[in-house]
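Number of protein chains: 2
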Amino acid sequence: MAMNKIPQATAKRLPLYYRFLNNLNHQGKKRVSSKELSEAVKVDSATIRRDFSYFGALGKKGYGYNVEYLLGFFRKTLDQDELTDVALIGVGNLGTAFLHYNFLKNNNIQIKMAFDAAKEKVGTDIGGVPVYHIEDLEDKMTGIKVAILTIPASEADGITNRLVEQGITGILNFTPARITVPDHIRVHHIDLAVELQALVYFLKHYPLSKED
Amino acid sequence: MAMNKIPQATAKRLPLYYRFLNNLNHQGKKRVSSKELSEAVKVDSATIRRDFSYFGALGKKGYGYNVEYLLGFFRKTLDQDELTDVALIGVGNLGTAFLHYNFLKNNNIQIKMAFDAAKEKVGTDIGGVPVYHIEDLEDKMTGIKVAILTIPASEADGITNRLVEQGITGILNFTPARITVPDHIRVHHIDLAVELQALVYFLKHYPLSKED
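Residue numbers (the working numbering), protein chains in the order written: chain A, 1 to 212; chain B, 1 to 212.
If you're looking for bench data, these hints aren't it; they were derived computationally from the structure. Computed from a predicted structure; not experimentally measured. Hints may contain errors.
Below, simulated EDC-like cross-link-like pairs (lysine to aspartate or glutamate); rule was C-alpha separation at most 20 Å, straight line [stated by the list, open to error]:
1) B:Lys112 with A:Glu195
2) B:Lys35 with A:Asp183
3) A:Lys121 with A:Glu135
4) B:Lys145 with A:Glu195
5) B:Lys112 with B:Asp85
Cβ pair distances, simulated, as ranges [claimed, not checked]:
6) B:Gly167 with A:Thr142: 48 to 56 Å
7) A:Leu208 with B:Pro207: 38 to 46 Å
8) B:Glu68 with A:Lys29: 54 to 62 Å
9) A:Asp85 with B:Asn66: 32 to 40 Å
Here a beta-carbon is modelled for each residue, glycine too, at the ideal position from N, C-alpha and C.
All chains should be modelled from the sequences, with the hints used to inform the complete structure.
Okay, structure coming up:
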């Protein structure tokens, strides 16, 4: 592939930049300094400049960045004009939080359908998203290539195998299980306990001081 | 500080290593190869070796790693024997998911109390954690230094200021808001929309192929 690969950490910040620039644009702001950008998204200026450098130089010294240009650029980069359909597997507390999250507001992503095994949830509509029975996954999920897993860890392997059979290409895995998939399927794993533990680890070992 | 600083990405993997080793130990396994470790935690061997190198060489060629030694080492490193109390602010769907997550099972972290503004939640007990009224935050939260924010973005700034006054040192921020805190307070930010958007971005721009 001819495209420059950008680090995953950079890719994760792109939506943050995009969201902030979108807000600025709505407020009618025409330009933004790298300092303002840095304070708003809580990313240091050096990192922002390095991130932007992966896409070519976009700012001018003493002027900062042109909001509209930058926005157009990010919109294209993030394919904001192209909608991706996503399926949510598991309508527990975390799954329900996802369904109430209004992704479309700033994003190019739509949770199109959800699946659960609980009879009282099947047939309902949560946050505008229909909930189907997990047994109907193969029938309903045609054409959807991305799934969010918010099921119990014990269910993760079985459901993952069914998603793989179904032709999924990406899984956002919120279960504590480390799932096994063929090489051509991308899995991002987020574990709430690990995130919390990492914060506590950093607090204990690298306390920030008021004098720093 | 004399300790070597380890990268944040490495710190995030430590709890994964710890959890897997703990399982192995329960199964009575005495040693583990770097390949097995790699397959189980879904981290490539080179990364595992580099991560471990920050703590000194721990493995032996052709033998692998001694599970018990490694476990003792990680337990000490992650302070598994020392309990950290955490407060959860916001008992919506995401907050409730946290309360039902049994952190103590493999961790050194305990959600000690939760806060919400909804009358029907105050005074209840979710997953063994008492829910107090958000107005009682200053009275109840004495001695707790870590908070998880699962409140609406519009509430984030006001609550953050109260937590700062209260002497908090770390915040795990799940709101889409980028909160502002003094330099001595550590904030880790996790945005569900950003995580999903990053996955979709990678799928579009860096598809993995079956031939890779």
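Quiz item: Hint by hint, which ones does the structure fall short of?
Solution: 9
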